[in-house]
Amino acid sequence: MRSAGLFRLFVAGYLVLFFAYLFLPLVFMVAAAFNASRFPTMLPWEGFTLQWFWGFDARGRPTGLFQDARMGAALLNSILIGLGVICLSVPLGLAGALLLTSLRSRWKGLLYAVLVSPILTPGVILGISTLIFWQRAFDLGGGLFLAVIGQSTFIASYCMLLFMARLERFDRTLEEAALDLGASHLQMVRRILLPYLRPAILSACLIAFLQSFENYNTTLFVIGAEDTLTINIATRVRLGLTPAVNAIGVLFIAATVLAAIGWALLRRRETVRRERPAAAPAPKLAPARA
Amino acid sequence: MRGAEVALEGVGLAYGSFWAVRGIDLDIRPGEFFSLLGPSGCGKTTILRLVSGFVEPSEGVIRIAGRDVRGVGPAARPTSLVFQNLALFPLMKVWENVAFGLEVRGVPKAERRRRAEELLELVALPGFADKRVDELSGGQRQRVAIARSLAVEPQVLLLDEPLSALDLKLRQHMRAELKAIQRRTGVTFVYITHDQGEALTMSDRVAVMSQGRIEQVGTPAEIYDAPATAFVASFVGESNPVPGRVRESGGGFVTLETALGPLRARDPRGLATGSPAILIVRPERCRLDGAGEADAVDNRVEGRIERVDFEGAFANLLVASPAGPGLVVQLANDGRLAGLAAGAPVTVRFPPEAALALPEGPLARE
Amino acid sequence: MSELFRRFGRPGGGSILATAALWALLLVVLPQLTMVELSFRPNLPAVARGGPEDVWTLANYTALWTNPLHRTIFWQTIWSSLLVTVLSLLVCYPVAYHLAQEARGDRALLLATALVIPFWVNEILRTFSWFLILSRNGLVNRVLLGLGLIEEPLALGGVGAVMIGMVYAYVLFMIFPLYNALESLDRNQIEAARDLGAPTWRIHWRIVIPHAKPGIAVGCVMTFMLAAGTFAVPQIMQSLPGGTNARWFTQIIYSYFFDGGDWNRGAAYAFALLALCLLFVAAMMRIFRVGLADIAK
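If you're matching them up, the sequences are chains V, Y and B in order. Just so you know, this note's numbering puts the end of the first sequence at 290, numbered straight through with nothing missing. Just so you know, this note's numbering puts the end of the second sequence at 366, numbered straight through with nothing missing. Just so you know, this note's numbering puts the end of the third sequence at 297, numbered straight through with nothing missing.
No lab work stands behind these hints, which were simulated from the structure alone. The structure presented is a predicted model; accordingly, all values stated were derived computationally and were not measured. Some hints could be false.
Rough simulated footprint, nothing fancy, chain V against chain Y, three-plus residues with beta-carbon under 8 Å [as the list claims (entries may be wrong)]:
| id | stretch |
| --- | --- |
| 1 | 64-75 |
| 2 | 80-86 |
| 3 | 100-106 |
| 4 | 144-156 |
Listing some non-contacts, in silico: residues in chain B with all C-beta distances to chain V over 12 Å [claimed, not checked]:
| id | residue |
| --- | --- |
| 5 | Pro45 |
| 6 | Thr57 |
| 7 | Ala59 |
| 8 | Trp65 |
| 9 | Pro68 |
| 10 | Leu69 |
| 11 | Leu83 |
| 12 | Leu149 |
| 13 | Ile150 |
| 14 | Gly158 |
| 15 | Asp186 |
| 16 | Asn188 |
| 17 | Arg206 |
| 18 | Ile209 |
| 19 | Ile287 |
Derived, one-sided and incomplete: chain Y residues facing chain V with beta-carbon distance under 10 Å [to be verified]:
| id | residue |
| --- | --- |
| 20 | Arg49 |
| 21 | Phe89 |
| 22 | Pro90 |
| 23 | Leu340 |
Even for Gly, the Cβ is constructed at its ideal location relative to N, Cα and C.
Work out the full structure, taking the sequences as your base and the hints as a guide.
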């Protein structure tokens with residue numbers, strides 16, 4: 001019993017350290033965004049300022065994040081690519097999941113391995129192989145289109161796994177019952193299968209967009225001369241070190257915190273009415289890979 | 001609604017080299033309550049899927065209302081299937097479930113709603129139209145599934161063990177309900193079950209199946225009183241099988257040489273002398289010596305009571321004989337059970353008319 | 001296949017099959033094959049392609065072994081990625097266990113939410129936040145200077161800094177698989193073991209860890225793959241003073257594509273990295289006796 005108590009104490013202390021490790025760097029980053037210092041640092045504190053969001057320096061040059069036109073263009077690109085990835089990955093993932101759940105032969109294992117392999121492949125390699133193939137086969141260079149293709153290689157796999165997890169609990173006799181009652185295959189899909197998959201489709205869209213939005217390693221190879229928000233941030237971090245980068249961080253963190261709180265509240269409500277079997281399952285967490 | 005006839009002629013279905021069913025000949029009459037009875041894995045569900053069109057036969061012809069339905073998909077057949085797990089659509093309300101078949105046929109919403117309410121009335125669920133499926137009890141779901149199938153006005157309703165998920169009391173209640181619905185609609189019911197009680201109480205006729213083949217088709221009374229094979233005799237109802245060999249035959253009776261001594265039994269199949277055979281006698285047709293007037297031609301088996309299983313309205317006595325298999329004797333609880341105790345020597349007696357001699361064959365395994 | 005057509009009809013089943021086939025071919029199989037094919041050919045100007053010099057060759061691969069710098073960086077990448085994987089596992093196990101087995105209700109929800117927040121923040125920004133801490137004017141140097149422990153700011157860059165950044169960037173990829181595996185462990189098993197007198201360490205060794213095997217395998221595979229294949233973390237951490245020696249294999253690949261213009265060699269190096277990752281996946285599946293279906297969750 002004493003060893004168990006000691007262990008518990010150790011765990012409690014450990015948790016505090018762990019979450020400090022997670023959050024303190026972010027806190028420093030946020031604080032530096034409001035520091036008047038020319039360098040992105042929290043210490044020494046030179047006074048509170050909002051100039052890294054919107055403002056001008058002593059010589060009247062704009063210093064703020066929102067005054068940067070390239071940033072806006074990059075953001076727009078990110079959103080376009082994200083929407084493109086949704087349009088490509090979700091149907092691909094759905095087709096893959098439906099095919100795999102209807103296969104029973106030995107081909108199933110092989111096809112499954114092929115379709116999930118991108119998840120286990122480093123992002124840079126996905127980017128490289130996409131770049132080479134489309135360049136050689138269709139003479140297509142890097143750009144927004146190739147970014148959509150390159151990101152979709154692995155995002156479609158994530159979508160497929162989401163759909164397969166939901167289809168695993170699907171009662172196939174519902175399909176047969178609909179057909180038996182005279183529905184055409186299309187009517188069956190529209191009235192039975194898609195409504196059942198709706199929560200999975202929604203979370204697949206969300207995950208696809210977020211994964212695309214955050215992606216760096218794959219995008220870097222296929223984006224060509226274009227810019228995305230993530231690429232833009234990386235460039236800033238490497239070259240122009242002003243606290244405007246921290247300002248981006250503040251926005252990201254604020255958005256994430258809001259989303260996380262919303263998610264937690266939603267999940268809490270779901271636990272309360274867990275008796276309802278028709279309710280969507282709690283969304284499975286998958287972190288984005290850059 | 002009118003029921004249609006269903007005819008299967010030499011139907012077989014093979015998966016690779018394995019025949020799930022083979023040589024199936026059935027003639028189900030219009031408006032009949034017809035049951036397919038057999039242990040799990042005997043192929044009865046396969047027949048249902050063949051008739052409903054989810055699988056196509058490897059050989060043979062299926063006719064519904066006289067029409068060859070080979071190549072016609074489940075949607076286009078005049079049949080409707082009530083699934084074992086009911087397969088109600090969980091995201092739709094009760095009435096939407098019932099009206100689904102009408103919806104996919106393009107029936108206007110108001111009309112669909114009206115028909116759904118009529119059908120819910122028919123299955124004794126008035127006022128349930130707007131409930132969610134998960135609010136219903138097992139028996140209520142059952143009725144919704146049947147109403148949903150009836151909504152498409154099938155000529156044949158196929159039911160795949162639809163009562164198996166219900167508890168005993170509800171099951172018994174639903175038997176009567178199903179029978180009543182069938183009578184009201186006049187639709188041909190083809191009912192799959194492994195529960196002989198369901199088959200015997202509801203059906204006009206029953207087909208008993210084993211290992212992909214049909215053993216016997218007949219009315220419930222024929223199946224029980226005149227089983228055609230040892231399998232049917234042992235699967236339907238309790239029975240005492242006693243293996244033996246035909247010593248002499250004639251006049252519709254045979255005498256079998258068995259481990260319990262020579263026993264006489266009816267001989268509907270005309271067994272040849274010297275052939276191996278099996279004698280079947282129902283426990284309720286056995287008596288204990290002294291419990292009634294003796295008859296000289298009765299079969300008699302000496303034994304000792306090994307166990308008394310008291311069931312309330314009756315008791316089952318297991319009588320062990322030193323020479324051969326034990327016999328189960330079922331005695332009504334008529335006030336005279338008290339004197340019977342394990343260990344007492346008794347003589348089991350049954351008239352030759354109550355026993356049946358059948359060709360040797362596999363028995364149902366319990 | 002017949003089941004597909006039975007479920008969705010001929011047009012439906014056909015379009016599903018075609019879509020999935022296009023995905024598998026155009027997005028996965030053909031790009032990888034093209035990359036591998038390219039890696040076995042010499043780097044030639046476009047006009048010489050298909051000419052007499054365009055022959056199969058292993059030169060792009062032998063270069064990896066004959067160039068001492070590349071070889072060193074290759075091994076350093078593998079070794080550091082392994083270290084990052086092990087470190088992440090050690091760091092995450094207690095947290096995942098606590099979250100899955102001990103925390104309950106709102107507290108568990110709060111902890112889970114707290115875990116999610118840092119990780120939907122961009123990987124670049126996450127790494128950047130550590131960069132700020134370790135930089136010349138960063139928190140560490142400021143504190144040490146302020147306490148008078150050092151007189152000159154320390155150059156904190158190097159492989160160690162890259163690894164700190166990586167553990168920070170990838171712990172969630174370890175925590176969630178571990179958590180998912182541990183959550184399915186029946187708590188009664190732990191209590192039964194405790195009741196039978198097992199000390200805490202033995203309960204973990206004999207009950208909890210064996211149960212968590214698939215989760216450990218998944219977490220390690222993902223972390224290793226991400227660490228070995230990362231581009232952002234070393235790129236950012238290199239800008240630290242003293243960080244230039246911490247080069248990552250992916251950076252060599254990148255420079256072959258965009259600075260050197262030798263796609264063939266870049267492809268060969270990329271394939272070497274891919275082969276290494278697949279080897280690691282295979283090894284983990286073997287060691288932990290899990291299937292691909294457990295890994296890809």
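Verification of the supplied hints:
no.: 1; hint: 64-75; result: holds (count 3)
no.: 2; hint: 80-86; result: holds (count 5)
no.: 3; hint: 100-106; result: holds (count 5)
no.: 4; hint: 144-156; result: holds (count 4)
no.: 5; hint: Pro45; result: holds, 15 Å
no.: 6; hint: Thr57; result: holds, 17 Å
no.: 7; hint: Ala59; result: holds, 18 Å
no.: 8; hint: Trp65; result: holds, 20 Å
no.: 9; hint: Pro68; result: holds, 23 Å
no.: 10; hint: Leu69; result: holds, 19 Å
no.: 11; hint: Leu83; result: holds, 17 Å
no.: 12; hint: Leu149; result: holds, 15 Å
no.: 13; hint: Ile150; result: holds, 15 Å
no.: 14; hint: Gly158; result: holds, 18 Å
no.: 15; hint: Asp186; result: holds, 18 Å
no.: 16; hint: Asn188; result: holds, 16 Å
no.: 17; hint: Arg206; result: holds, 15 Å
no.: 18; hint: Ile209; result: holds, 15 Å
no.: 19; hint: Ile287; result: holds, 16 Å
no.: 20; hint: Arg49; result: holds, 9 Å
no.: 21; hint: Phe89; result: holds, 6 Å
no.: 22; hint: Pro90; result: holds, 5 Å
no.: 23; hint: Leu340; result: violated, 50 Å
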